[in-house]
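Using the sequences and the accompanying hints, generate a full structural model.
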Amino acid sequence: MSALPVAKFRFPPPGKILLPLSGQVKLPVIMIFRSAQNEATMLIAGIDVGSANTKVVIYNPTTDQLLTSAVNRTGMQPRLAAERTLNQALNQAQLSRTHINRIIATGYARHTINFADAHVTEITATARAIRHWHPECRTIIDIGGQDSKVISLNSEGQIQDFIMNDRCAAGTGSFLEFIARSLDIPIENFGILSARSQQPVIISSLCVVMAETEILSLVAADTPREDIIAGLHQALAQRVAALAARLPVETEIIFTGGTAQNTGMQTALARALKLPVQTARFPLLAAAFGAALGD
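Counting from 1, position 124 in the sequence shown corresponds to residue 126 in the numbering used here; the numbering is continuous, with no gaps.
No lab work stands behind these hints, which were simulated from the structure alone.
All the given hints hold, so there is nothing to weed out.
Dumping the calculated DMTMM-like pairs for lysine to aspartate or glutamate here, alpha-carbon to alpha-carbon at most 20 Å:
id	residue 1	residue 2
1	K276	E254
2	K276	E252
3	K276	E138
The following block contains the structure:
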């Protein structure tokens, strides 16, 4: 049997913005080859079909290696996005569907993935991934494009309770993306810019449309962009902290989801909670990896 390519990743420190809106995770990779033997049939694909992005990881449970990953915009056809992203991940690792023993889907559109062998909720998948990477975690804060979640884990790493906000965009990552477009600033730059803020503004409007009007007024008044962005982070963090206050929040607190790539949000959350907050090892890939860990 031909050798199976296995990618070992050297990851930069947590909190760095790693991922573009589409394409492969932009990370240095060392390719090594080992005898495939039986391990090729043990590979698992985890697919997270989120409202904004679709993420795929290929995982080898025998060696506990994340072999490759891919990320693309979900768009209006989640099943096609999942198919495209899975094929991209396989091609990157020079693999085919025959190497995949099992496909497990999660995310809001998981039940549209009719080629998956199983489906798990994103709360279950995220908790599994964080428990795997951060066994001391007791609280997970997940801010994605569609919703924000707070998950409480017990000392065994099992889900004790959770709460989520999926009704108001002002508590989600889409809020920041919407404002980023209004400001014509790439959201990837938000973390760096907010760190330069000397006096974050107070954003009083929690409605996305009203907040945009308020922010455009601040821009017209020549308010520094970094102060506006820091104020946005502060407003979103306070909203998530209010959600978290309805559960027992214990350290270690792990921040995950696409918004966790924004270092400014990590800082704002720590201030709002008055507790240290650590960014997950691979924040955007957490649910996909958790799905790959099994159903």
